[in-house]
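Novice: Below are the chains, spelled out letter by letter.
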Amino acid sequence: MTRKQRRLTLIGVAGCILAIALGLVLYAMNDTIVFFNSPADVQAKNVQPGTRFRLGGLVKEGSVQRGDNQQVAFEIMDGQGSIRVNYTGMLPDLFREGQGVIAEGALEHSGVFRADSVLAKHDENYMPREVADTLRRQGLWQGDSKASQQTQ
Amino acid sequence: MLVEAGHFALALALGLSLIQFLVPLWGARTNDPVLMSVGPSTALAVLACLAFAFLALTVAYVTSDFSVLNVVENSHSAKPLIYKISGVWGNHEGSMLLWVLILALFGAVVALAKSSVPVRLQANTLAVQAAITIAFLLFILMTSNPFVRVVPAPVEGQDLNPLLQDLGLAIHPPLLYIGYVGFSISFAFACAALIDGRIDAVWARIVRPWTLGAWAFLTLGIAMGSYWAYYELGWGGWWFWDPVENASLMPWLAGTALLHSTVVMEKRDALKVWTILLAILTFSLSLLGTFLVRSGVLTSVHSFAVDPERGSFILGILTIFIGGSLALFAWRAPLLKQGGIFAPVSREGALVLNNLFIATACATVFIGTLYPLALEVLTGDKISVGAPFFNFTFLPLVIPLLMLLPFGQTLAWKRGNFLGTAQRLYAVFGVVIVATLVMLAFTAGGPVGAPLGIGLGAFLVLGSLNEIVTRSWSRGSPLSVTWRKARNLPRSAWGTALAHAGVGVTVIGIAATAWDLEGMDTLKIGDRISAGPYTVRLERVVPRQEANFREDVVTLRVFRNGNEIGMVDTMKRLYVTRGMPTTEAGIVTIGLSQIYASVGEVRPDGSIGLTLYYKPLVLLIWLGAVVMAAGGALSLTDRRLRIAAPAPARSIPVASVPAE
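Protein sequences, first through last, are from chains G and L. Here this note's numbering is used: position 144 in the first sequence is 144, and no number is missing along the way. Here this note's numbering is used: position 250 in the second sequence is 250, and no number is missing along the way.
Take these hints with a grain of salt, some might be off.
[Claimed, not checked] Simulated crosslink set (DSSO-like; lysine-lysine; CA at most 27 Å straight-line):
id: 1; chain 1: L; residue 1: 414; chain 2: G; residue 2: 4
id: 2; chain 1: L; residue 1: 414; chain 2: L; residue 2: 337
id: 3; chain 1: L; residue 1: 524; chain 2: G; residue 2: 4
id: 4; chain 1: L; residue 1: 414; chain 2: L; residue 2: 485
id: 5; chain 1: G; residue 1: 45; chain 2: G; residue 2: 60
[Unchecked claim] Here chain G is said to cover these stretches of chain L; the calculated rule only asks that three of the stretch's residues, wherever they fall, bring their Cβ under 8 Å from a Cβ of chain G:
id: 6; stretch: 343-353
id: 7; stretch: 380-393
Since the hints were derived computationally from the structure, they do not count as laboratory data. None of these values were measured; they are calculated from a predicted model. Here a beta-carbon is modelled for each residue, glycine too, at the ideal position from N, C-alpha and C.
Pulled out of the complex, with its shape left as it was, chain G reads as follows (with noise of 0.2 Å):
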């Protein structure tokens, strides 16, 4: 093999190699990712009854209602609204009432949504970023005042 040929091949695999990896980008890039939607951007986008997404607020006071086989029921609200969360099994140690959170799972036709997963933070002070920009934009926001105030 010459050369000229020798680096044909290359370009060659390379190329298949690279072609294959972007059509299994493009394609799960339709199929895997989710949004991430506040109470208030399900009533704005409309979002439809089986479609994944994350649901992030905060969880209302005084919702959480824990049943039998670790079955929990909250409520995930924002400064316009609130949705019905229902989840089987455990949540994260930062779970709290008046804490932020981010549900993921799929709107069930009754209008709850039903989770399959609940994300909180490692660290007591954090607030996940999603539910942060959303409670800022709402003018909600203390998180920082109370952050700066700390560390003086």
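We have chain G; now place chain L onto it with these hints.
Specialist: Okay, now just chain L, sitting in the frame of chain G:
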């Protein structure tokens, strides 16, 4: 006083780094040996200053000096001593100090390697190294100074985040940082070679041990972090495809590719430009990882509170170094001469294929990690790219690579014979196929992925073993000869086989997760819950008070098929100072498998929520990483011998070096 001295030492280190940056660079340009020799001495002085600063901070932590803000925010007088020490790097400021300390440590080792590194290369390398040190020292001094005092000093500190009060996380950051920062040496050598416009096999021989060492530490660091997340977060997961995890996986992948391409460069003087580019990219990804973790621009389950100002500073550093080095690459790389040629079917060809696969896989992780960020900037839409994306894109690229690995490892240099290679592997291949079919038959109805994955892992392990056997055993030769031959194989050959076998072990562990079982229920005293053949019975729930936390200890009795095999405790803790709850999983290790119990909530009526997992062969995931790192270390012992005797080794023609 010591704290002010530490602060001063940081500033002094900055000044010395400036000298270490400018003078050797100028010396290398003007070919002035005196100016070039300034590099090594300043590098040692920088190390001394930073070691002193680090020590000063450590002393402040150990003596609980609450006049230092950093200590107040991250320590508590009732904390055990070990976590007072690990608290030094368990926070942003301290961890950045550890980062530059390791950077300086590596710089000093380059400075001491006088005999093996050409003087000009060393001078340029130390200058590049100093540039990185300057950037990070500026970052520490301007945005994250650990030595800031607080007046009046509080009586008690706010304690370290409880999740970090753990032995695993005490050693995870140093391991990870040695890996990240170790790649800065490959980066500095690559930039030095570009500045000089010259590069050859000697360069690869010098750089390879550094890459190998950094890679081994990064492997251990990632495995440690993964095991920590597994037992500390209480969800039983070991890898979440979370941005922070991806941030460490990307440099690991690029570093793995770099490791393999430097082999080609060292043996065959080929792939020079690509190797240089990889060295730059690997460290760039390390910097990117630091940025992602430290700036908090991405939503991660591992996020801690962050400060946006720091994010923009690190972004600046990122832009300067990645942009600068890539510009240098674009400008100088055409000067580098093309090296040796090889047939597509050859060891070199296999290593090129390895690089293609790994680089592409790394690119998919990169896209998945940063796409949400790009989309949010461009359209304002917030999305999350999770495990399904990565499983769908990453696995199809990695599985073929792993299937080809044993073949590539067996191919000859320069021109190989695929059929001959396949013949050397046919016994292994046959055994693996039969074993996989038997496993499939026995587990019919269960997940298909597990037997297939275990078959793949076994192929990797046996293929590596086969490589050692075929190189030391021939038909009819007595065992003693075989043994001697095997022992006389270069250590790097053993290291390669061991590392590849480690990959196989990890693959087996990952595949077996398809057999995981779990049970979940709310239990009262005496109630049982099962996962597979294992059952636990709730014995008692007892509150307990410790120095800096209080906890409910849930004691479980464990049964296998009805026979008792022991007791295990799982705890729900509340760290008093921060009011932060954590879960301590109860883990029973049975051989390589584990039973994992995690308590959800403890109710006022005494009943508890409990999740029980049965995880067969789960330990292999991390054990494999340890084997990989051990392979790297073994290979490194071989390198050092060669590095120590550079003159005769270089005069030997490349072809006579035994193939690995």
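Novice: Each hint should be assessed against the structure and marked as holding or not.
Specialist: Hints, verified against the model:
| no. | hint | in the structure |
| --- | --- | --- |
| 1 | 414/L <-> 4/G | 17 Å, holds |
| 2 | 414/L <-> 337/L | 19 Å, holds |
| 3 | 524/L <-> 4/G | 75 Å, violated |
| 4 | 414/L <-> 485/L | 24 Å, holds |
| 5 | 45/G <-> 60/G | 22 Å, holds |
| 6 | 343-353 | holds (count 4) |
| 7 | 380-393 | holds (count 10) |
The structure fails to meet hint 3 from the earlier list, while all remaining hints are met.
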